[in-house]
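Visitor: Given next are the chains, with one letter for each unit.
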Amino acid sequence: MSRASLFIALAAAVVPTAARAQTSAVGTILPGVKMGGSANVRVLGHLPLGGFFRVADVALDQETGRPFAYAAQSLDRSGFTAIDVTDPEHARVLLRWTIDHPESHRGLGAVRARYFRTAKGTFLAVGVSFDAGSPDADLAAIIFDVSGLPDTSRVREVARIRSSAAGGVRDLFAYKHSDGRPLLFVATNAAFAEVYDLDAVVAGRGAAAAVARIPIPAFGVHDGGGDGYTGMFVGYDPSTGNDKFYGAGAGGYFVYDISDVAKPRLLTSIVGAAGVLRGSAIIPTPDARYAVTATGYQYSPLRIFDLTEGLRGIEQTVSRPIGAWTADWHDAVRSADVRWPLAFVSSYEDGLQIFNMVDPKNPVTVGWYYTCLCAHQTGFGTTAAPQGESTVNGAVGVDVRNRDGMIAVADANSGLWLLRLDGFGGWRGEDWGVPNVSSVQDWSRGAVAKPVTSAIP
Amino acid sequence: MSSIGGRLLVGAMLACGASVAGAQQDHAPGVLPGVKFGGSPNVKVLGHIPLGGYFRVMDNEIEQEPSRPYAYISQSRDRPGFSIVDLHDVEHPKLLYSWKIQNSELHGGTGGMDGKYFKLKTKTGAKYYYVQSLQFGGSGPDADLGAVIADVTNLPDTSKIKIVKELRYPEAKGGYHNLFAYKHSDGRVLLVTTVSAPYALVYDMEKALAGDKNDGLIAKIPIPETENTRFGNFGYHDFQLFYDPKSGQDRFYGAGRGGYFLYDITKPEDPKLLTSIVGASGITGGHTFTPTSRQDEAVTEAEYQYAPLRLFNLVDGLTGKLQTIQRVDGAWTADWHDLSHNHEVRWPLVFVSSYEDGLQIFNMVDTKNPQTVGWYYTCQCQHERGFGGVPAWEGSSVMQGAFGVKVRDWDGLIIISDSNTGFWAFKLDGWNGWKGSDWGMPNVSSAQDWDRGPVATNGGGRVVP
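Protein sequence lines correspond, in order, to chains A and B. Sequential numbering from 1 applies to the first sequence in this note's numbering. Sequential numbering from 1 applies to the second sequence in this note's numbering.
Next up, chain A with everything else stripped away, as it sits in the complex:
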């Protein structure tokens, strides 16, 4: 044995002992594949939905009496699947809808699922993304009336929203504005988010449904990622009486006052933070003070910013995170759903992750379940050749049902997962001394000056 190979062998032998104290230990069964979860996270149900990158997102219907989940499906299954979760341990597919001639479409397909309710019923908005040159390249979202579920014969398409920018949608957010209107925010490749009045959309009023645009400030980011928003959140801030739009995209993160949605007013931004050239998701805490942000690229943690000085005008922009979290620094993180003090994270290869941010400077992991069941760096490549070498793989969407705490995870590979965190039986803001603000909307009452959560069914 040469001196070199002897040293390597010695080093390799020494490394595991020396390094173990520093590096994470992850439970594995298959070499290199993370399996299982923490003792406090239990799997309620699992439904495979077509394999590698056929699943892109999930939304849980929050209404009592509507135990349904909606999964956005992609590639050759471009469309959505409605799932009955009445008995989570025996979740079952109710309906599978696929776009006409999926084989002639190029692109990811359906990437977002958001449900909403109007006076006319309950609807599902499915955001789609087809490449330039493909049929429906200008299609952003398809709206379905799902009021009749579980009777699938009554599900029908009611509208299509088309975009001025080819390439389809990046994100959707359905929001009950404090002025009473149900609104849909649509992010595409365009340098703004388009806002639609959903009453007008479902009434078939076409172009009249577009009521506003939320611009993204120009920062000259030309990294091939487009000019627009990638992730959005809209929430009411009872302390100021403002409806606030949080957008992640080219240049960073931007917070607008959209109390008058037709006249959006930039309140503050997160720009110039080291390692953040582009934001992929932003989720505020219920009190609108902190923002959990994602960039979506490998090795980048979720960063937590305190918006206070930006909102007060003390700082022109916020650029220093106060805390950060990652499940495994080797990987990437998709997004989060905040239910203060917890954040439920769709963490790509690391599946469902849950951290506690009661101390935002030092968030602590409190639970996890590895849903991906995948080897490291075997994730998404391109729409033309989906199987690649990235860490974009696994858990791509998460939603929490507030009334009972059930957690749904959309995993790009393994499908829909229904899970429960021990001791988390649901979420109401007032139980935590914070406004009752989350991604979940009160479609009946809307955002009110002092939200009363008891009205939420």
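If you are wondering where the hints come from, they were derived from the structure by calculation, not from laboratory data. Be aware that a few hints might be false.
Below, a sample of chain A positions facing chain B; criterion: calculated Cβ distance under 7 Å [said to hold, decoys possible]:
#1 F52
#2 A274
#3 G275
#4 L277
#5 Y297
#6 Y299
#7 S300
#8 P301
#9 G405
FRET-style restraints, in silico, Cβ to Cβ [to be verified]:
#10 B/P170 x A/R265: 55 to 61 Å
#11 A/P135 x B/K321: 45 to 51 Å
#12 A/I322 x B/E105: 49 to 55 Å
#13 A/L373 x B/G430: 37 to 43 Å
#14 A/L373 x B/V365: 27 to 33 Å
#15 A/L373 x B/L95: 29 to 35 Å
Cβ atoms here follow ideal geometry from the backbone N, Cα and C, with glycine treated the same way.
With chain A fixed as given, assemble chain B onto it according to the hints.
Guide: Below, chain B alone, put in the same frame as chain A:
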């Protein structure tokens, strides 16, 4: 539930979280809460010299000849200059000499940043020099002073140390942040420096010391224009120069505005861009760019919290298959909450001055999966109490602790300059030095063969007369 109830539940969940998260979270050994102490069993402390406390210390340098056991420490704040450490007895290193700029209290900026030694042949015999980079801000005394060169030939006799040359660059004030001394394959000893301009300056040291009217300035290496301007007026932040025996090229590895740039500088006066790393996720500017001895892989640093050292494979860029390299091959960090700084590659090991995480050593024999093999926490500091900019100095960043690292090839001695705690000397068990040929690699590292030059070092003919 009341808000008190809520807090109780939070407390309960925190307690619960601590236990369940333990299996996943990193735990550094600690004596004082939140302060990392000690090291791995295979890293031994040989010596330690405090040098003035918080941010009085920056980068370091070590002489490579067995007969000259000296280390140099760049010093800052109220000690702007450098110190020399005597390593005749590595277990009892002693401070031999300190120099600082005259009227230091009138000077702004960060002071002494980086230093390199070099050797020149003269008619009267070999002479040894140490060049210290200096940064005194964009205005005030010596704003145009980039470096001083000290004649250190007669060490350990410090009475004969003399500043023999100042390098000033009034065209772009603010001094020189980093510099690199290189024995070129054409026989010249070159000094390359950063400057507050979109290029690096190349000096011929023999000319500079002979009184050349241009201070021996022979070339500028440009930095390509990109979208990113994170480093402001700086073009380059840092660079290293290496000879590539396979191609016969002298190569410049520059990190700075926009990313990382690799030039062929076989003719320094006519640098040719070979490839670059631009547009990789999370990288808007490069800090340090260090190739392996074979120069098919490079270790890079981006200098922001949470960023690991990223490893890139350069082959597709060098062969022209890719216009620029964007895909990370592998990555390493001591603790993802922190930041790693400078590094020295002695394949298969990489020695890292890892700020709050002190000396770290990782093995990159599998570049996709580098593994930590040793460490020692030199900072002894609390998290996020680091550099806050001048003149305040004390801030809340993670930039504190192990700033510079060097390895002495003939015996494997490792030195760290820690911004807070000073000079450290270490030994890694089983690591008794480095020669490229022992590892089937070209004998190429940051250490120079000042007598023979890089071609002879790698089995070629003697080019230096």
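Visitor: For every hint, state whether the structure bears it out.
Guide: Hint-by-hint comparison with the structure:
no.	hint	result
1	F52	21 Å, violated
2	A274	3 Å, holds
3	G275	5 Å, holds
4	L277	6 Å, holds
5	Y297	3 Å, holds
6	Y299	5 Å, holds
7	S300	6 Å, holds
8	P301	5 Å, holds
9	G405	12 Å, violated
10	B/P170 x A/R265: 55 to 61 Å	47 Å, violated
11	A/P135 x B/K321: 45 to 51 Å	34 Å, violated
12	A/I322 x B/E105: 49 to 55 Å	36 Å, violated
13	A/L373 x B/G430: 37 to 43 Å	39 Å, holds
14	A/L373 x B/V365: 27 to 33 Å	29 Å, holds
15	A/L373 x B/L95: 29 to 35 Å	58 Å, violated
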